[in-house]
Amino acid sequence: MVKIKNLIMKYGNSTVIKNINLNINKNSTCAIIGPSGCGKSTLLYGIAGILKPFSGEILINNFPVKENRKKTGLILQNYGLLPWKTVWNNVSLGLTIRGYHKKDIQYNVDKVLRELDVYDLKDRYPIELSGGQRQRIAIARALTISPDLLLMDEPFSSLDAISRENLQNLILKIHKENNITLILVTHNIEEAVFLGQTIVIMGQKFGEIKNIINNPYFGDEELRYKSDYYKICMEVRQLMRKDEIK
Amino acid sequence: MIFKKITKYKTIYGSLIILIFWYALHFIFKSTIIPSPHITIYEFFILIKGKLLIHILVSLFRILIAVIISLIIGMSVGLFLGLNKKYDKYISPMIYLLYPIPKIAFLPILMIIFGLGNTSKIILITIIILFQILVTTRDSVKGLSKELFYSIKSLGANKIQIYRHLIIPAVFPKLLTSLRISIGTSIAVLFFAENFATRYGIGYFIMDSWARVDYIQMFAGILAISFLGLLIFKLIDLLEDKLCKWIKLEKLEQK
Ligand SMILES: Nc1ncnc2c1ncn2[C@@H]1O[C@H](COP(=O)(O)OP(=O)(O)OP(=O)(O)O)[C@@H](O)[C@H]1O
Ligand SMILES: [Mg+2]
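From first to last, the protein sequence lines are chains A and B. Here the first sequence is numbered in the working numbering, starting from 1 and rising by one per residue. Here the second sequence is numbered in the working numbering, starting from 1 and rising by one per residue.
The set of hints was computed from the structure by calculation and includes no laboratory data. Computed from a prediction, not measured in an experiment: that's the story for all the values here. Don't take each hint at face value.
Computed list of lysine-lysine pairs in DSS-like fashion (alpha-carbon distance at most 25 Å, straight line) [stated by the list, open to error]: (1) B:K146 with A:K71; (2) B:K153 with A:K122; (3) A:K52 with B:K142; (4) B:K159 with A:K66; (5) A:K71 with B:K153; (6) B:K174 with A:K85; (7) B:K85 with A:K10; (8) A:K122 with B:K248; (9) A:K10 with B:K153; (10) B:K85 with B:K159; (11) A:K111 with B:K153; (12) B:K142 with A:K10; (13) A:K85 with B:K89; (14) B:K86 with A:K10; (15) B:K153 with A:K85; (16) B:K159 with A:K71; (17) A:K18 with B:K245; (18) A:K70 with B:K153; (19) B:K146 with A:K70; (20) A:K10 with B:K89; (21) A:K122 with B:K89; (22) A:K71 with A:K52; (23) A:K66 with B:K153; (24) A:K85 with B:K142; (25) A:K102 with B:K153; (26) A:K102 with B:K159; (27) A:K85 with B:K86; (28) B:K153 with A:K26; (29) A:K52 with B:K159; (30) A:K52 with B:K146; (31) A:K85 with B:K159; (32) B:K85 with A:K52; (33) A:K122 with B:K245; (34) A:K210 with A:K52; (35) B:K159 with A:K70; (36) A:K52 with B:K86; (37) A:K102 with B:K242.
Excised from the complex, chain A in its bound form (with noise of 0.2 Å):
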């Protein structure tokens, strides 16, 4: 679904990705891990269009990535919610700004309130919300438009460890029941294991990818009570600690 081609992303005169080659299948999830500043947000801002490629390639099914493009939804490192709207204002946000009837977005918008278990903070301001909730709406406002590629940007790193585990299942399952092609930029070893399919390892330096794992256990719901998750989790600890040293 997502074929990256030979990109390079700069900010000005530096580069941030250097020459990166990826391809995301259809319905499955990508994990994205590296050190801080490697450039996982930048790649990421490209997929999205936001951020022009400086050369090489973005496609999504076959097509260079544009600018808002309709069924690409984005989930920021800091959840981007708007603090002058509601919580219900902020979720229905992509639907009015897609020009949808009001009928249309009321009935969205309370439907995935209710299914992320949120509904009865949609009068709320985001000021009033946990990390955890807020991370909550900040998905949900992702699915009001029925996305077909979900991209998340460190999505848990501030959440204590249970409620990340309970987002992480979240997840997990709307990937399961939406077939939502999922890439996610984490930091967090035991996460991109858990989510990942494939889990991409980002170098150090310059952005590139050192390697690429497939992740056979993923998909299980269990997986964190189970001795191969460990395994994975060890794998990938040591090929970017093998990084580090040289």
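Given chain A's structure and the hints, the job is docking chain B with the ligands onto it.
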């Protein structure tokens, strides 16, 4: 509990304290220079039915026109500079040079160029408020995080929708704050400007009463100014309450 009640009736509470001070001064000085509050208030209500109302309305009209012009120019230039760093770099130094000049010094020049009438007074107030609004708008746009722009763009927003859902709501409360500050200044400046070449306006009314040694009328005029200010400030508060509920929550959070 008592504290809650005070904040609820804070306008009344504030008026009471000022009244007490006023009475105190009145009794201490025992002079006609400070007339007693109840006589002044009585005079105010008599005068407000007639000429005082006209003077106040003329002043209000001058302020409103100036505010509207400054909002239009200040917001457009401020938004433009805030969103286009390239131009901001070149234009900001000019603004910083002009901003601190006491604009009231230009009144004589304005009167020569634009005549003695309303125009020169309105322009004077406009250039005072304008800078405040311009700089506030520019800074609040600049302060918006890149992520918010990304997030709204990823929802498919076009330029107009970005203004409607992101930029305007972000700027609006800060604009109200800067209006609060600049309207205080503009009333003071107007008071001064209305001493020249006009027979209307609350500034004229007060100075005229003074010249005629009618202290009661003078104080009634001062009362009128403070009510004018109160009215405008309450209006701004009301706007903030209605349109920026989230700001209140944020302030609560910070406490
Ligand atoms: N707007 C910008 N202008 C210039 N350089 C930038 C800009 N944004 C990011 N960078 C630089 O690009 C590099 C990659 O940034 P990016 O945000 O993609 O990293 P990241 O992998 O997402 O890091 P983190 O895990 O901390 O979020 C960093 O070195 C950063 O300093
Ligand atoms: Mg990042």
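So, going through the hints one by one against the coordinates:
| no. | hint | verdict |
| --- | --- | --- |
| 1 | B:K146 with A:K71 | 22 Å, holds |
| 2 | B:K153 with A:K122 | 23 Å, holds |
| 3 | A:K52 with B:K142 | 22 Å, holds |
| 4 | B:K159 with A:K66 | 16 Å, holds |
| 5 | A:K71 with B:K153 | 13 Å, holds |
| 6 | B:K174 with A:K85 | 16 Å, holds |
| 7 | B:K85 with A:K10 | 19 Å, holds |
| 8 | A:K122 with B:K248 | 18 Å, holds |
| 9 | A:K10 with B:K153 | 20 Å, holds |
| 10 | B:K85 with B:K159 | 17 Å, holds |
| 11 | A:K111 with B:K153 | 24 Å, holds |
| 12 | B:K142 with A:K10 | 22 Å, holds |
| 13 | A:K85 with B:K89 | 32 Å, violated |
| 14 | B:K86 with A:K10 | 19 Å, holds |
| 15 | B:K153 with A:K85 | 16 Å, holds |
| 16 | B:K159 with A:K71 | 19 Å, holds |
| 17 | A:K18 with B:K245 | 46 Å, violated |
| 18 | A:K70 with B:K153 | 11 Å, holds |
| 19 | B:K146 with A:K70 | 21 Å, holds |
| 20 | A:K10 with B:K89 | 23 Å, holds |
| 21 | A:K122 with B:K89 | 42 Å, violated |
| 22 | A:K71 with A:K52 | 18 Å, holds |
| 23 | A:K66 with B:K153 | 11 Å, holds |
| 24 | A:K85 with B:K142 | 20 Å, holds |
| 25 | A:K102 with B:K153 | 21 Å, holds |
| 26 | A:K102 with B:K159 | 22 Å, holds |
| 27 | A:K85 with B:K86 | 31 Å, violated |
| 28 | B:K153 with A:K26 | 24 Å, holds |
| 29 | A:K52 with B:K159 | 18 Å, holds |
| 30 | A:K52 with B:K146 | 15 Å, holds |
| 31 | A:K85 with B:K159 | 19 Å, holds |
| 32 | B:K85 with A:K52 | 19 Å, holds |
| 33 | A:K122 with B:K245 | 15 Å, holds |
| 34 | A:K210 with A:K52 | 23 Å, holds |
| 35 | B:K159 with A:K70 | 16 Å, holds |
| 36 | A:K52 with B:K86 | 20 Å, holds |
| 37 | A:K102 with B:K242 | 23 Å, holds |
In the structure shown, a violation is registered for the earlier hints numbered 13, 17, 21, 27, in ascending order.
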